[in-house]
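Taken in order, the sequence shown gives residues 1 to 286; the numbers are from my numbering.
Careful, some of the hints might be misleading.
Claimed, not checked - Computed Cβ-Cβ distance ranges for the label pairs, DEER-style: (1) T24 to K126: 36 to 42 angstroms; (2) F253 to E60: 18 to 24 angstroms; (3) R97 to G268: 32 to 38 angstroms; (4) D257 to A51: 33 to 39 angstroms.
Source of the hints: derived by calculation from the structure; they are not laboratory data.
In this text, a Cβ means the ideal position worked out from N, Cα and C, and glycines have one as well.
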Amino acid sequence: MTRTAVVTGANQGLGFALAQGLATRLAAEDLVLLTGRDAGRVAAAAERVAADPATRGRVEGRVLDVSDAAAVRQFADDLGPVDIVLSNAIGPLEPGRSQVEQADVFLDVANGGTHAVLRSFGPHLKPGGRLVVVASSLGTLGHLPEALRPRFDGVPLDDVEQAVADWRSAIHDGTAADRGWPEWINVPSKVAQVAAVRAVAAERRDRDLADGTLVAAVCPGLVDTRASRPWFTDFSHAQSPERAAKAVLDLVFADLDPATYGELVRFGRVVPWSSGSPTRHEALIN
Numbered sequence: 001m002t003r004t005a006v007v008t009g010a011n012q013g014l015g016f017a018l019a020q021g022l023a024t025r026l027a028a029e030d031l032v033l034l035t036g037r038d039a040g041r042v043a044a045a046a047e048r049v050a051a052d053p054a055t056r057g058r059v060e061g062r063v064l065d066v067s068d069a070a071a072v073r074q075f076a077d078d079l080g081p082v083d084i085v086l087s088n089a090i091g092p093l094e095p096g097r098s099q100v101e102q103a104d105v106f107l108d109v110a111n112g113g114t115h116a117v118l119r120s121f122g123p124h125l126k127p128g129g130r131l132v133v134v135a136s137s138l139g140t141l142g143h144l145p146e147a148l149r150p151r152f153d154g155v156p157l158d159d160v161e162q163a164v165a166d167w168r169s170a171i172h173d174g175t176a177a178d179r180g181w182p183e184w185i186n187v188p189s190k191v192a193q194v195a196a197v198r199a200v201a202a203e204r205r206d207r208d209l210a211d212g213t214l215v216a217a218v219c220p221g222l223v224d225t226r227a228s229r230p231w232f233t234d235f236s237h238a239q240s241p242e243r244a245a246k247a248v249l250d251l252v253f254a255d256l257d258p259a260t261y262g263e264l265v266r267f268g269r270v271v272p273w274s275s276g277s278p279t280r281h282e283a284l285i286n
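The task is simple: from the sequences and hints, build the whole structure.
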C-alpha cells in the first residue's frame, strides 16, 4: 500500500533531516512531500534528498506557509488521505530583540502553524497514521507560573488558541510580565504546542487507539542548527539534525504504545505533562 508523508519546515535543519530519513525508510512507491515557504529552497532541498543514494521513496518539494491557515487547509484537502504528518516549522527568534519585535512572526508559525496542521491534516489521517508535532521539553505545564496553567490544562484547542491570542495581546500592550507570562517567548509557545496536541488527542483517543493511530508531540533534544546556534554557548551535547531525526522517526515507525498517545515524548519516553518549573530566561540559555 502506497504511503504519503508530509514534513513542514523541511528545507533545512531538523526538518530536512526528517524528510531525508523518511525517504530512506519508506518504500520506492511511497511519497515524501518536503514543504517550506521559499520555493527555491524547497526545490533545492527536495533535489538533494532525491539525489541521496540512500533514498528509496519518491520526494517532491511543495510550497506551504503554515502561518496561512487557509493555505494549510487547502493543501491538506487537495492531498487527501495521508499516513505521516510531521509538523516541524518554526519561526525565527534572535537574541537581543524584544518580544514585541518577534512575537507575531514567531507565534504565527510555531503556534498558528501547529494549530493549522492539527486541524487540517487530522481529518485526513489514515487509520494507523502518525501526526507528530516537534516541540520541546520546555513544553510542559510546570514551566509556566501556576496562575497560567489552567489556560492550557485539559482545555479544547479553541481555548489553547485563545490563550495564545491573549498572550500575544499582552506582549503588545506591555502587560505580559505583569500577567506572569515568562520572559522567554519560547516557553509559553512550546507549552501551547503540547497543549494543542493534547487537546486534539483527547477528542480522538478512543478511535485512534483502536486502529493504531498516533497523535503526539516529540522533543528531539538540543539540535545543532542555524536556529539554535545563537541561543546556546555550549554545543558539546548537541545532536546533529540527522541523529535527532532518527529518534523522532523511531517513534513514527514503532508500533503504537498507548502510553505515548497525546503525550510529549523524548527519546522514546513520555515527559510528564505536569513536570518542569518556572525558570529564569538566563538559566534556559546558558
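Q: Of all the hints given earlier, name the ones this structure violates by number, lowest first.
A: Hint 1 contradicted; others consistent.
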